[in-house]
Amino acid sequence: MELSINNVSKSYKQNKALSGFTLSFSPGVYALLGPNGSGKSTLMNIITGNLKKDSGVITYNGKDISKMGMEYLSLLGYMPQYPGIYLQFTAEEYLYYIAALKGVKDPVEQITEVLREVELDDVRSMKTSTFSGGMKQRLALAQAVIGDPKILLLDEPTAGLDPKQRIAIRNYISRISFNKIVIIATHVVSDIEYIAKTAIFLKKGVITDCGAPSELAKKAAGDVWSIRCGADEVTAYQNRYKVINIQSDGADVNLRVLSYTKPTDNAKPEAPTLEDEYIRVFAN
Amino acid sequence: MQDFGRNLKFELLKLLRNRMIIIVSVVLLTANMVAAYRLCDVENDAKTEYYAQGVAAVIKDAESRYGAEEGKNGFTARYYKMIADKYSKLRTDKEPEAVTGYGQYLSYIYVDLFLLSCCAFCAAFTFRREKETGEMQTLYAYKHGRRGYAAVKLTACAITTTVLVLLFCLSSFTGVFVRGGFVDFTGGGARLQDLKAFIYAPNEISVLSAVLVSVLYKIPVCIALAFFAGGVSYLFNSGALAAAVSAVFMYGSYMLNNRSYINKNAFLRNCNLFASIRPSNIFGELRCINVFGFAIPAYVVNIVLPLLLIVFFGAVFFELHLNRASVTIKLPKLKFKRKRKIKQAKPHGLFAYEFRKIFKSKLCVAVIALTLIAGAIVSVISVRAFPYPEQVYKKYCERWQGRYCYEIEDEYNAEQKKINDGFEAYSAMRYGRPVEGIDNPVQAADYYIANYEGFRLFREKYERLIELHEQDKDTPILFEGGYRRFFESGADIFLILSAVFLCTYLATYDRVNNTESVMTTTKKGRGKLPWIKFAALMTVSGALYAAFTLITFLPILFKFGMALPYADTYAVPGFEACGGMSLGRYVALMFILRFIGVVLLCLFCCGISSLIKNHITAMAATAWIYVIPIFLLKNAENKAARCVEPSLLLDGSGFMQLFSSPGAVAVSILICVVIPCILFIPFIRKVIKWNFR
Ligand SMILES: Nc1ncnc2c1ncn2[C@@H]1O[C@H](COP(=O)(O)OP(=O)(O)O)[C@@H](O)[C@H]1O
Ligand SMILES: [Mg+2]
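As they're listed, the protein sequences go chains Z and W.
Every position in the first sequence, counted from 1, becomes a number in the working numbering once 280 is added.
Every position in the second sequence, counted from 1, becomes a number in the working numbering once 1 is added.
Isolated chain W (complex conformation) (with noise of 0.2 Å):
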């Protein structure tokens, strides 16, 4: 028991010793309290009204569903008088109050990214830093070895957790407290329903406890996080591979709650594995599973879930350290795959052994595989989206495209005639009136229903054009449904990914192998070889770059075209600030800005890994400095903001649309152009820096 203590001891100091965990931990607390303070909306917290009337809504559907499914006693009755239960029992007889501050702050979902991140950097820190240093065989070897080892570790892992997850709701805390979001710290008194996003929480409890009960829910999710990131990095021989399966692992949970992205159905949402890192999930509208036909809610779920994990994959981790001193994986061998030759090497020039060094190591290849797969299954589900009124607004483009407005005005004025015949032949037949001066009512009706949302869109688009004509901006008719999908596609987060992966393997990769002392003291090695290394590096990421660029143009291309590349961008709306030049010029550029993006994403990859020594810090620091930004900023409202994103040349329009503000436009390349330039320095002096001197 002392050996105990002791040995944690010394676990925690290991931690608190390493200068990149501190860096790192600051860095995410620093980046998750600007993105609080940045997010909160202090100002949106209104009055919610019609609040009675919602729950009595739901307890009155809950009980005739109970009706209906009464005496059955199964699963669906008890859930139905569960919720009727639940919901009656709120005081509805007051108006929820406004309350600032608490609601931001539990409606605040990004901390769930920097914490996992922060947990499983930690717990792959804490598992994996025997193995890299090469002390695992020593430890195991000592009289007490494995079991209390294996237990000092993990009670290490979630004591880390839980400090860090409790800094990290300090910090969204301060974020949302530094925006003057808490007028109260009391909370007035006010209930969790007293929330706009909560007043369907189904227990009545303050939000001062709620905002407690969300913090305890965390931890226990989190630990469970960090045992299995923790337990992948023991288990895989590649920190890589270890880094990448914990990743997928990470914010494939973190997308399994969050609405936006992929998870649209409620149910997955609420009583998914990792659900109760979310204050939303835990206390949204009362959700349920069926355990044995009884209906146990998720709240209970999402605490007794990470339990059961948490002893899960700490039994596994046991069971790993007891019986076998290290332990690895390799990637399966496919059968089918023919006995090959023995195949005599023949000598090659530099520049292909640095593709060598990419293409002979499987994860490299996996990493490409499964980013471009990744990268054509969301643009081609990205694409499936093509509403019928945009087919129609489609239909009226086509139909009198290219000819500018006022040549049409007959037409048009036809059209809308018969839009407005249906519109009267529909309310007619509908209110029963009588219909007059229509031929055949019931077709007419049947135009306008097919046809009215389409035409609206087609109209608003009449009028820019007139408008923009009386400013003597002649643009062509065209539907830009195309262009405008292409022009909003943003920056792609596969290709950052595997371009990142990518660089930094390479530029690490003698490092890695502790071959780079030999390189240095030969000739080409000290001279050439970080050119040819950039060289192949540029070539690799050209190849990405025109593989994803073809992946999310040709999809868009196919399904709604984009037919005159000599229009003008003032038909794009929401482009206009790059008016005044064509379409196709305005593809062109952006085809242009996004390589040059991909090329200073490679010059900062190269330069950060000759800061960094190891490829997973490298690789990691890197994604995040590109990637974080895109999620915090996509949907600014002010445009000027997303300056400050890195990527921002990779998302080509995004940059060009920094342009009705000079200060942002500096901004953007001093971060896109100037930093990574600087970065790349190290890398060069690797080259002219001879240490003779």
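Next comes chain Z alone, as it looks inside the complex (with noise of 0.2 Å):
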């Protein structure tokens, strides 16, 4: 099973928002990172075939997805960055419904269970206009999922969510993305850390940087410092270098820095993460 993308490309008018994006897909959960405007959400759409490509070539299996047509569908979940709901559709209701677009033989069981998955079970016979934003963004996420898709593309898709949730939807992700093309666009590094196999950083719709979180992770070691000073040089360090966190204790305050080399003397060495290094991509 595997996705290829070549060379794709896409522009609104002037505006470069995805050139010549190639990358290869196989079963796990892809992390797609980059702050706003990166063109994560054109990459998705395009996927989808939502939206038309100018150029390149997507083919699944070895076959050009525009060929396929409904058997293409058919492999398809999508959850959209602003999904919108039925208001007037009880939560059950709209499951259901999606269910027949998508041909699932025998819903039933299979909506009982990914209702209880996101944790909306109990409130399966409420219309969904009384739904919170969260409980809608899981709706949402539970619609993608149903019919067992093969690839499964989640645009944000715990933006609005609690930690307690988003803990809850990253576990269930990980656990269904056995057998799966699964991926997950988002500026939120943490939620993909620990699951993703692979992590893109797509800077204004190019590939920047590909690989396993562990290894892009090491890419910011030794750049990485701690530095203990006190409140007043605070704007100081932050004039000159990319701060990353500041924790204060009170007298003092401790600064996680990045810079090529060391700050100041007192510097010690940090073990780098995912989040050090996106940061050291996108910093600028």
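Since the hints were made in silico from the structure, they are not lab data.
Mixed in with the good hints, there may be bad ones.
One-sided excerpt, in silico: chain W residues whose CB lies under 7 Å from chain Z [what the hints assert, rightly or not]:
| id | residue |
| --- | --- |
| 1 | Gln-402 |
| 2 | Arg-404 |
| 3 | Thr-522 |
| 4 | Arg-527 |
Pulled from the structure, derived: some chain W residues nowhere near chain Z, Cβ distances all over 12 Å [unchecked claim]:
| id | residue |
| --- | --- |
| 5 | Gly-6 |
| 6 | Gly-181 |
| 7 | Pro-348 |
| 8 | Lys-358 |
| 9 | Lys-363 |
| 10 | Val-393 |
| 11 | Ile-467 |
Small disclaimer: the values here were computed from a predicted structure and weren't measured.
Each residue gets a CB set at the ideal place from its N, CA and C atoms; glycine is no exception.
If you follow the hints, you should be able to join the two separate chains into one complex; please do so.
Next up, the structure:
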């Protein structure tokens, strides 16, 4: 099972949203990382066929997806960045509807299970107009998962969720990712740091880096320092270095700083994380 | 203050930068100009005679009534005194001259319709924009937030409305002008009374001032209406609901001002809240309203009321803004509703879900119910009129029903003689002449009085049938009142409105709810769903069509009957163009044509909805395109002119009447059939367009 994207480009008038994107996906979780406007959603929409690409080819198992038609669509599960739901439907009804659209043969059990997984089973008969933002978000995720899609595309799935739900969703995605291509677009590094097989850094429509999260994190090795200083010095450091974290313990301040050279004598080297690398890449 | 000016500028720029606003305004302005051009009847400004006598009669009547009430010092006395005073100041020594153009301009009423729609649209945009884009909360959090913001909104709305009033007046003026209406721009120094429609205007002003005043009068009333539309659009959560409420208000006031439609009451016409939008209300015959016994002329009321309304609606708007960040109105829950047991949902087919989308929406159900009720009321009201002469005519028709005209000649002549004798008896008794040769003159005279008018109608028909007989077009005698009413019933506006609402609602539903991007990634959502949607739409509109057909058809059938369906259409005057076809077939054809009209309306709606994102805009655009030509062309002299009506197939007989001119048929087919089909292409493309190339 392989989804290959070859040299795909897309521009909106003058604005190049994606240029020459080339990558091959095999089963596992992929994280598409990048700041707002880097082209994550654009890529998602091209893979789903909602958006027309300017050039390039996308193949699935060697077959051009534009020639596959319905066969390709039945592989997809998609959660858009701004998911909509029918406010007049109940959660359950909405999922049944999506199941009907996907042509799922026997949806009853599946939907019961999915609703339990996203912790909506006690409100399954309530109208979605009464749902909070997080509940809607989880319903939208449930919708994408129904029908056991082979390609699962999630555009910022954890936006607006509380930490507990974030973890629950993260684990759920990780659990179902077996034998599936899961692509998660996000700018929240911690969401995917431990579940992604591969992280892809996308900057203005171009892949700047791609690899296992732990490998990518290593790229920042030697550039991350911790400094202990007085509160009055913080601004000076901020002007000179990229400060990732500021932690104050009353008297003094602990800074986590990105720097290619040792910033001060008392600076201690730190073990890098994926977030450090993210900041390093997208800092300027 | 500086902030105010800057924000105001932004607010106006928002309007000007919006392409939709510009398009709508230009379209409405043009439509208004074309309508003014088409409807203006330059030759009709003929010289009015008997002006002096008319005014003298008004004065005399007022004086005599004043005399009767004198001393009581009540409203009635004051009223007639005021009339007598006003009218005796008018110069009646010279008869009015013929003035063209200005009379036409002042009596052109459709400008109200266009103007109100445009104002409501712009107002709704002004007030609703932030709510729809979700900027409302941000704006509220500002330091100077609410009060200033509300003031800016209201001012921007007032300015826009004023500009619109001026533009629309200019556009109708241009329409009349292009038609060659204005021979002399200065009006030749003519007075308002010189215009045929305004001979009984109580104030002596020149036509030029009248035009100016009429424009000035329009401004406050339009602002009041715009504030209302804007406030409503701000108040309701659902844009469609807001649009519906505003539309009822707008068109309600339009109807209230309209003699021919609902309001036959001259007093209401002149003194309702929005009367001042129409010149004939301000300048017409003097009317007063009773304010604590004082007689206040309508034209004073007409300027005071809108001003009060502006203050009222403005204050309500301020109140809403200051107290609540976002006000929503929910439809009231019925108390007696049982607590429904929560039902477990079951899987259904896709077709069923389309219906759920409609019937789970209270708005849709309300629209269906309201249009059906309104349709039923209008239909029942319109069959209520069954004038006595026509009843007598029906009696004659039924007496000789189905017999060819020459067969009844003897009986007919006998009846004719009976009526003639009755007339003799009647006139003899009336003028005191002796009655000769009639046994019971009183009875004969009564017979004449009762049956003369009806018999006259029958005679016309009889002579026509003989004429037809001589051309070898034999037709039996029948009472054609039922058929005529059915054929003339025309396109049902309520059917159009409800079908347009539902079609655009369902067709834009997924996009409005932001679920379309998910649908299109599913197997059935891409290929099948649009067709299923279309099938659902056809089913719903088909059901609506059936319901509305029953609503119009059954009352006519029960009240007038539809005898002899095998008889020829020649028997129904006005429908000879389709002669050679039996009435039954013609009725069936009508049903079929109207149904095709509904199908095409569906196609049109789907097409428009796939071009326009938002439900309200799609709905308004379609409703305008379908409904306005009906208003404008319904009474057109030249039947062929109706070929530009997109709803002509829904009228059925209107379409059949075009058949005397092949060109008109071609144009009509282009407009009614080809254009909806072409518009449907973008909808189909959704099905076959893969984006994956
Ligand atoms: N419909 C659109 N029209 C024009 N430009 C767009 C549109 N959608 C996205 N863009 C542009 O494309 C770029 C990538 O956007 P997007 O894919 O949404 O980024 P991300 O999802 O990573 O935040 C941005 O610069 C954005 O301005
Ligand atoms: Mg995005």
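Okay, the hints, checked on the actual structure:
{"no.": "1", "hint": "Gln-402", "verdict": "55 Å, violated"}
{"no.": "2", "hint": "Arg-404", "verdict": "62 Å, violated"}
{"no.": "3", "hint": "Thr-522", "verdict": "4 Å, holds"}
{"no.": "4", "hint": "Arg-527", "verdict": "6 Å, holds"}
{"no.": "5", "hint": "Gly-6", "verdict": "34 Å, holds"}
{"no.": "6", "hint": "Gly-181", "verdict": "48 Å, holds"}
{"no.": "7", "hint": "Pro-348", "verdict": "5 Å, violated"}
{"no.": "8", "hint": "Lys-358", "verdict": "7 Å, violated"}
{"no.": "9", "hint": "Lys-363", "verdict": "9 Å, violated"}
{"no.": "10", "hint": "Val-393", "verdict": "56 Å, holds"}
{"no.": "11", "hint": "Ile-467", "verdict": "65 Å, holds"}
In summary, the numbered hints that this structure violates are 1, 2, 7, 8, 9.
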